[in-house]
Amino acid sequence: LAKTTQPISMDSYEGQEVNITCSHNNIATNDYITWYQQFPSQGPRFIIQGYKTKVTNEVASLFIPADRKSSTLSLPRVSLSDTAVYYCLALNAGGTSYGKLTFGQGTILTVHP
Amino acid sequence: DSGVTQTPKHLITATGQRVTLRCSPRSGDLSVYWYQQSLDQGLQFLIQYYNGEERAKGNILERFSAQQFPDLHSELNLSSLELGDSALYFCASSASNPGTRNEKLFFGSGTQLSVL
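Chains A and B are the protein sequences, given in the same order.
Heads up, the first sequence is in this note's numbering, so the first residue is 1 and it goes up one at a time.
Heads up, the second sequence is in this note's numbering, so the first residue is 1 and it goes up one at a time.
Everything labelled a hint here was simulated from the structure, so no lab data went into it.
Quick caveat: nothing in here was measured; it's all calculated off a predicted structure.
Careful, some of the hints might be misleading.
With a Cα cut of at most 25 Å, we get these calculated BS3-like pairs of lysine-lysine [as the list claims (entries may be wrong)]: (1) 69/A to 54/A; (2) 104/B to 54/A; (3) 69/A to 104/B; (4) 3/A to 69/A; (5) 104/B to 57/B; (6) 57/B to 3/A; (7) 3/A to 104/B; (8) 9/B to 104/B; (9) 3/A to 52/A; (10) 54/A to 3/A; (11) 52/A to 104/B; (12) 69/A to 52/A.
Bound-form chain A, shown alone (with noise of 0.2 Å):
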C-alpha cells in the first residue's frame, strides 16, 4: 500500500471551507485515491474517489495534482456534523499489499461553533 502522510488532527469552524491534504509519494500508476469519513463508534464511510485533476460529489470535491503525488480533500462550508476523523487511501501496486486496504492514522477533524 501507498504509505500515506496526512496531518494528524485540524481546527475549523463551522461555514468555512476545510482542505485536508494527503501526501502519496509512492503511488502506482494506475492507483486511485480513495478518501473515508469516520464517527466515533462507526465504520469508515466511503466519502469520494479519484485518479487525477478534480472530482465533485454532492460531499466533497478531491483535487488531484498532475504528479498525483498529493491530494486534497475539500469540505466546503462545514458544519458541526463533518467532525470526524478523514482517511486517505491509495493502492499499491507492488503486488505485495494485493487485497490489504490499509487505513493511515488520518486526520481528526474538530469543528467548532
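Given the structure of chain A, go ahead and fit chain B onto it with the hints provided.
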C-alpha cells in the same frame, strides 16, 4: 445504512473464552474484509476473503480465524481471548475483485468486544 450487517453489536466475555462475530455483506458483494480498531492501534486490517477464498492476511493473531461461507456471509472467530483483544471489530464488503485500483469498501457498524 451501508447494507453490511454485523452481529452482535456488543459482546462482553471473559478472558480465555471464544467468540464468533458474524458479517453479512451487501447484496452481490463477493469481498469481505475484517478490521480491528482499538484506541491505541487505529484501524488494523486483519484478513480478506473473496468468494469464499482467503485472499490477503494482515496482522491477524493465530488465535483468530475467519471464513467466508457459500452464501458469502463471513465469521471471525476469536479464541483464548485476552484483555488486549477488547476492540471494535468491523467488517467491510466490496463488489470489486481484491486489489482493484478503485475499490470501495462499505463498512458495517461493528461489534464492540469487551474482554473482562
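Going through the hints against the structure:
About 14 Å separates the Cα atoms of residue 69/A and residue 54/A, which keeps this hinted pair within 25 Å; it holds. With a CA separation close to 18 Å, the supplied pair residue 104/B and residue 54/A stays within the 25 Å bound. For the hint linking residue 69/A to residue 104/B, the alpha-carbon distance of about 21 Å falls within 25 Å, and the restraint holds. With a C-alpha separation of about 11 Å, the suggested pair residue 3/A and residue 69/A falls inside the 25 Å cut-off, and the hint holds.
A C-alpha spacing of about 18 Å is found between residue 104/B and residue 57/B, which places the hinted pair at or below 25 Å, so the restraint holds. At most 25 Å may separate the alpha-carbon atoms for a hinted pair to count; residue 57/B and residue 3/A meet this at roughly 18 Å. At roughly 18 Å between alpha-carbon atoms, residue 3/A and residue 104/B fall within 25 Å of each other, so this suggested pair holds. At most 25 Å may separate the alpha-carbon atoms for a hinted pair to count; residue 9/B and residue 104/B meet this at roughly 23 Å.
Between residue 3/A and residue 52/A the alpha-carbon distance is near 18 Å, which keeps this suggested pair within the 25 Å criterion. The hinted pair formed by residue 54/A and residue 3/A meets the criterion: a straight-line CA distance of about 22 Å does not exceed 25 Å. Between the alpha carbons of residue 52/A and residue 104/B the distance comes to roughly 17 Å, so the proposed pair stays at or under 25 Å and holds. Only pairs whose Cα atoms come within 25 Å are accepted, and residue 69/A paired with residue 52/A is accepted, the gap being roughly 10 Å.
No hint from the list above goes unmet by this structure.
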